[in-house]
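Protein chains in written order, with our numbering: chain A, 1 to 335; chain B, 336 to 670.
What the hints contain is simulated information worked out from the structure, not anything from laboratory work.
Hints should not be assumed to be uniformly reliable.
As a list, the in silico SDA-like pairs of lysine to any residue whose alpha-carbon atoms are at most 20 angstroms apart [said to hold, decoys possible]:
id, chain 1, residue 1, chain 2, residue 2
1, B, K607, A, T253
2, A, K330, A, Q193
3, B, K608, B, D358
4, B, K580, A, T133
5, A, K186, B, E481
6, A, K71, B, H520
7, A, K27, A, R2
8, A, K245, B, L603
Predicted model only: the values in this text are computed from it and were never measured.
Read off the chains here:
2 protein chains.
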Amino acid sequence: MRIFVDAFGGDNAPLAAIQGAADAVAKFGHTVVLCGDEQAIRACAEENGVSMNGIEICHTADVLTMDDEPKSILKEHKNSSMGVGLQALAAGEGDAFVTAGSSGAVLMGATFIVKRIAGVSRPAFASVLPSDTKPFLLLDMGANAECRPEMLLQFARMGALYMSQVIKQGETVTVGLLNNGVEEHKGGELQQQAYQLLKESELNFIGNVEARQVPFGAADVVVADGFSGNVLLKTMEGTADMLLKNIKQVFKTNLLTIIGGLLVKPYLGSLKKKMSASAHGGAPILGVRKTVIKAHGNADRVAFMNAIRVAAEAAEADIPARIAAAMATKTEGEA
Amino acid sequence: MRIFVDAFGGDNAPLAAIQGAADAVAKFGHTVVLCGDEQAIRACAEENGVSMNGIEICHTADVLTMDDEPKSILKEHKNSSMGVGLQALAAGEGDAFVTAGSSGAVLMGATFIVKRIAGVSRPAFASVLPSDTKPFLLLDMGANAECRPEMLLQFARMGALYMSQVIKQGETVTVGLLNNGVEEHKGGELQQQAYQLLKESELNFIGNVEARQVPFGAADVVVADGFSGNVLLKTMEGTADMLLKNIKQVFKTNLLTIIGGLLVKPYLGSLKKKMSASAHGGAPILGVRKTVIKAHGNADRVAFMNAIRVAAEAAEADIPARIAAAMATKTEGEA
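Chain A with its partners taken away, still in its complex shape:
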């Protein structure tokens, strides 16, 4: 697989991207093409002793920053490290694209450079998140603040394909609708109508799931409009960070708690690992013609490596083609 990676996206660019690329080459044998300033990339690699074996560079000097308008990816910054990567992908020069840069820009670029799959109303941001029992896929998590019921059905279909094929090795997955209660009549018009569409669909729909149950693994795929999906995702992150910060402070109270902390610390690692979202490679943009993965803005070396691994797996499983096939069948069948 040939994966394009934006070397200048995210808080830890370009080092984390270069290291993650090197690790992915060494571990999985993929070809990685780093997009960005060639001189800066080579200098950074050399300075940090990262091998550039198996890594190609697609040179461009421009960078799209977090302060740039998302739509600038189509014009002023079309030749940014993100822009050239997306163009190369669209032109068939690679199998997938990974960036930790601006979410708005990569969504805009994926939609208008890589382009939507026929039949898809709106591409969705999906994210594989940790839960108490198993990882789950949440979508949409912010691409579409306002949704129609049919969009939620499409999100469910795209999400179920991704989750089943990329994360669950072909297993059937459960789909739940995020709602403010489990009863069928709960929520607003959007949820009530989406409920009926999901219930009548071919999906393994288990009904409404409450936000309270989502961190416990209520469903393999949790479907929501982009606004409440975003609230769910960010609240999980914020609450976990806030609690862990406070627990760390408890460990620092006095000598006894410091000793207590030292005794427990080695075993907190496995919990931290279980709760880490980066193991699952970040957020795929589903509904566009090629695999595009958005890594977290604070992605480190491991997160980049995992994002590249998952991007290759999604491309290998040909998720975009499967989504296209599903959309074609469903649109016909339902028309």
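Please build the complex by placing chain B on the supplied structure of chain A, with the hints as guidance.
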């Protein structure tokens, strides 16, 4: 103050309600009227050695359960322990009403028995929640799944009054709008229009707040539609419960972690206290003519006592009359 309490609402009824009532009488000198089956209440009090001094009983045999339709509070179950309490409140026999029973039913009853304040479009469920730095008020947290921008402005005004007068002893409070980004143009139409209304209002509006920052205390009052407010609240609860469950398991790994846990445990209490929502007395229904407080379904003795305390404080501060005055001024001013 004379507070009516539904003795048969919640998972721990009637004992927790009776204990909480006795504690509130002893500690704050309020008169508490327990609504429910007199014989059952007296038997439960005697069996558990709870003093009934200063506690009156408003007898009724019927109970509205979690399985009953919310609207049954107006008809089949109008003589339930919840129904008679709300009727007594509406008739001016008391200053406030507290229940840990069905949210839907108490909202319905508050709206149609106690009745809306003139000028209020829709009453809102508010809740005082813990954050890293200070408690904050979230509303609406589920009464109105679908909202118009003007409703969010009303929620903000009602919430700011409650937070300032009941929780913050008259301090000015900050108001934030829950959104999927901090920029002014973020969110859907609802958030964009509500932003403008809030910006032009007399409130101390600090702009959009992201769900990520809410657990860190982003604003004193966080305004949201009932659907995303509910997602925020439930995700905070679910994520915290899930993490604490996992951390408890880490403490049980082996002898060293058990010892570590014992050393740390005494100091986790203060964190638990900080994170406890029950200290702030549960969820007021704002926008109705008298003070109605919904305690958490799993409210224990302490939670009931605090709910009664806060109900009395809100009644003392005459929050409903202040809201009525604010609505009258604003409606005139804006017409």
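Report the numbers of all earlier hints that the structure fails to satisfy, in ascending order.
none
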